[in-house]
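**Q** Those protein sequences? They're chains A and B, same order as listed.
To convert a position in the first sequence, counted from 1, into the working numbering, add 9.
To convert a position in the second sequence, counted from 1, into the working numbering, add 9.
It is possible that some hints are incorrect.
Same chains, same names: a pair is fine if it fits in one copy or spans any two.
Claimed, not checked - In silico lysine-lysine, BS3-like type, Cα no more than 27 angstroms apart, as pairs:
#1 Lys467 - Lys409
#2 Lys105 - Lys27
#3 Lys467 - Lys354
#4 Lys300 - Lys378
Derived by calculation from the structure, the hints in this document are not laboratory data.
Protein chains: 2
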Amino acid sequence: MAYKDVTVKTLLQTVEDKRFENTTIQLDGWVRTNRDNGSIGFIELNDGSCFKNVQLVYTSDNPNISILTSVRTGACISITGQVVYTPQGKQPLEIKVLSCQLNGDVMDDYPLQKKRHSFEFLREIAHLRPRANTFNALFRVRNVLSMAIHQFFQDNDFMYVHTPIITTNDGEGAGNVFDVVTHDQKDENSFYGRRVNLTVTGQLHVEPFALAFRKVYTFGPVFRAEHSNTIRHASEFWMIEPEMAFCDLNENMDVIEACVKYCIQTLFDKCPDEMNFFNTMIDSTLIERLKHVLHSEFKRMTYTRTIELLKEAVANGHKFENSNIEWGMDLQSEHEKYITEQIVKGPVFLIDYPKEIKAFYMKENPDQKTVAACDLLVPAVGELVGGSQREENYERLCNKMIKLGIKDELDWYLDTRRYGGCIHSGFGIGFDRLLMYVTGMQNIRDVQPYPRTSNTIKY
Amino acid sequence: MAYKDVTVKTLLQTVEDKRFENTTIQLDGWVRTNRDNGSIGFIELNDGSCFKNVQLVYTSDNPNISILTSVRTGACISITGQVVYTPQGKQPLEIKVLSCQLNGDVMDDYPLQKKRHSFEFLREIAHLRPRANTFNALFRVRNVLSMAIHQFFQDNDFMYVHTPIITTNDGEGAGNVFDVVTHDQKDENSFYGRRVNLTVTGQLHVEPFALAFRKVYTFGPVFRAEHSNTIRHASEFWMIEPEMAFCDLNENMDVIEACVKYCIQTLFDKCPDEMNFFNTMIDSTLIERLKHVLHSEFKRMTYTRTIELLKEAVANGHKFENSNIEWGMDLQSEHEKYITEQIVKGPVFLIDYPKEIKAFYMKENPDQKTVAACDLLVPAVGELVGGSQREENYERLCNKMIKLGIKDELDWYLDTRRYGGCIHSGFGIGFDRLLMYVTGMQNIRDVQPYPRTSNTIKY
């Protein structure tokens, strides 16, 4: 299938063999910049096929010179031109324009001028910012990272499952859910005959599939109606939730480590231009940091040991916002960062958390105080992945769910422990946060195509 | 990464080289059937790694004979055993059981017994039906088809875009949307400061990305609050919506044809067992029908010509439920099926529909009566894909949107025609209906993991 043969991407692949030397080609794309000095002019054209632009060169004798000299940033043009390879030049090739046609001009108020715009400003024009360099790079990496996720799990025999978005399960009843209603009838919950909400996790729905297909994963949107106006919270984001039968906590961590490394390696392999851009423009430690993770063996440390180390740190004068370190506490981001950055100096799994601060479905350890949970911490961001071995014991899980008052509504979930249950584990990766991590972008609003955060929605 | 080395899938790959001849291996899986005649017993085990089961053979001298003889359909076991290749047998290998451990028994009320259950019954236990043969096959094909979609678009340089689920865009104001609200405050629309709903299409959000990245696609859930209690309607389903800059209607159809053929070929290549199962158990014309599509050149026919042919059919005595054929009418499924099955006898694109019955964003043809739309019809189901060239003319699109009263709310969408617009086209494939088509399954409730249709929601 070839619906347009030549693109900037395919052209750049001919730099070695110079296949198009002096060949006349057609290109369609958008003007990034246009400057001329009277006798000669240069247009930077991006045609969407790759991150890089191509330089068009035109001279004053061009039959379409009036279009060429007047065409503005953002306009869409089609040109014919001759390919000239310039191995000594800053760019490996340029196009000598023979003709130019204006497909779509830009109105005078085009907001994306040839200057640096703030991310705040660009957020206001989410539908246009893909044309800005940072977002050009960002959404390309988002695509490649999405596919890396699929490829990793498919290569390892996981089956992709589309868990439902509209559900009766409100997580653990925490209340921070979006309800789904129809207004076409008096009873707003009449469509399904009961109250429903947007999913906060696909895990409970995917576990039954793991007990049939062994290794499965979800990759889809989840929702949190939290009014957390931070740079790391969005009300809609994509999650990856793998689940594996016959898999304990240690094997679970093996898979997490392999998955994170596979994603990073894929970005280095497939997006070198974009990754270099982020390293240059966004975070100069990015590539070094990711390479360090790629070549690290991820350490494993118990929560209990972590608390000891944090207490020692406080005793030795380290100041945390919360320096009241007690076994049983929920670790804050500052504590997690201290452990991974100052103590381990690399990626580390914290395991065996107090059962009171973790979800009901996690497997109770023999000590009856902790559960077989694992959180992966990495330098610069803290928690990146959370997982656990699941409680496969019917009685124990059932009792927990009765205490939480969720047994009746989730009775079907208990069936996975009634009928042919087994040791199984899984984890969750917030895709958007992973994307922030691998690009150095600091605000979740700047890694989503149309970010969804509280109080702001335009599209 | 190898967290469990031997599975039924990997075992079946050794049938040629007999690598595991007389080797002792471990297998974990679920009992499908268990029968013994006193001295020898047979367990059909499925371990989730592939559609096929493996046969376990045990004799009365086994140290775990009491477990082996009593273990029931649905129970989860781990065994060690010796691999015996049986090239002359019905199955290419079997496992002589050395030991057996019961991981998870089934309670007495296990609803999936060793007999044929109706699809209606199985819908009531959506969380358990993946263990039934049809759904074992179905969800494997769902996975492979999902990946075929991604692979096709990635191989052809399309970029995957996650368009938002929560949106202010209610399609064309048709009213069949789910609203999204929070109940934690007095004003249920306070979270975003305005009324929002679940997306009915990602197209409007992805078009701006096509004007930056050239070729893009969405693949995610969409929602319709229609009370259509039919076998083809679900209120939540997955859609694929590609969008291409510099692409007209004809090129659009080229891509659709290539995409459909790629998906079918991939299923034949990757799911032969499952496809044979569907052909044997669900629809005996399935494989023949799909091969016919694979080897057909998809025809193209105008809506106007279609109306002529339908009128001729009526004149010649063909009875439709609606035999009142008039130019301007919306074609019903019976008309579409007649055209593809009786007239064309193969896949056909109908093009150039009356503008009144198609969406506002479609490109008006020079006749000013029709728009550059294309619907792909295929035998047995009728419409499979719908697409169009988009109206790139700002004035014309703007006027249409003013008439519909949607200009203000979608002003950002008009920016794609204000700033560097170009000819572009796209299409939509309902993923679940495509899956019905390629498996022969008749009810959309039987191709979704947890189907969402009006009045029924349990999970």
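**Q** Out of the numbered hints, which ones does the structure contradict?
**A** 3 and 4
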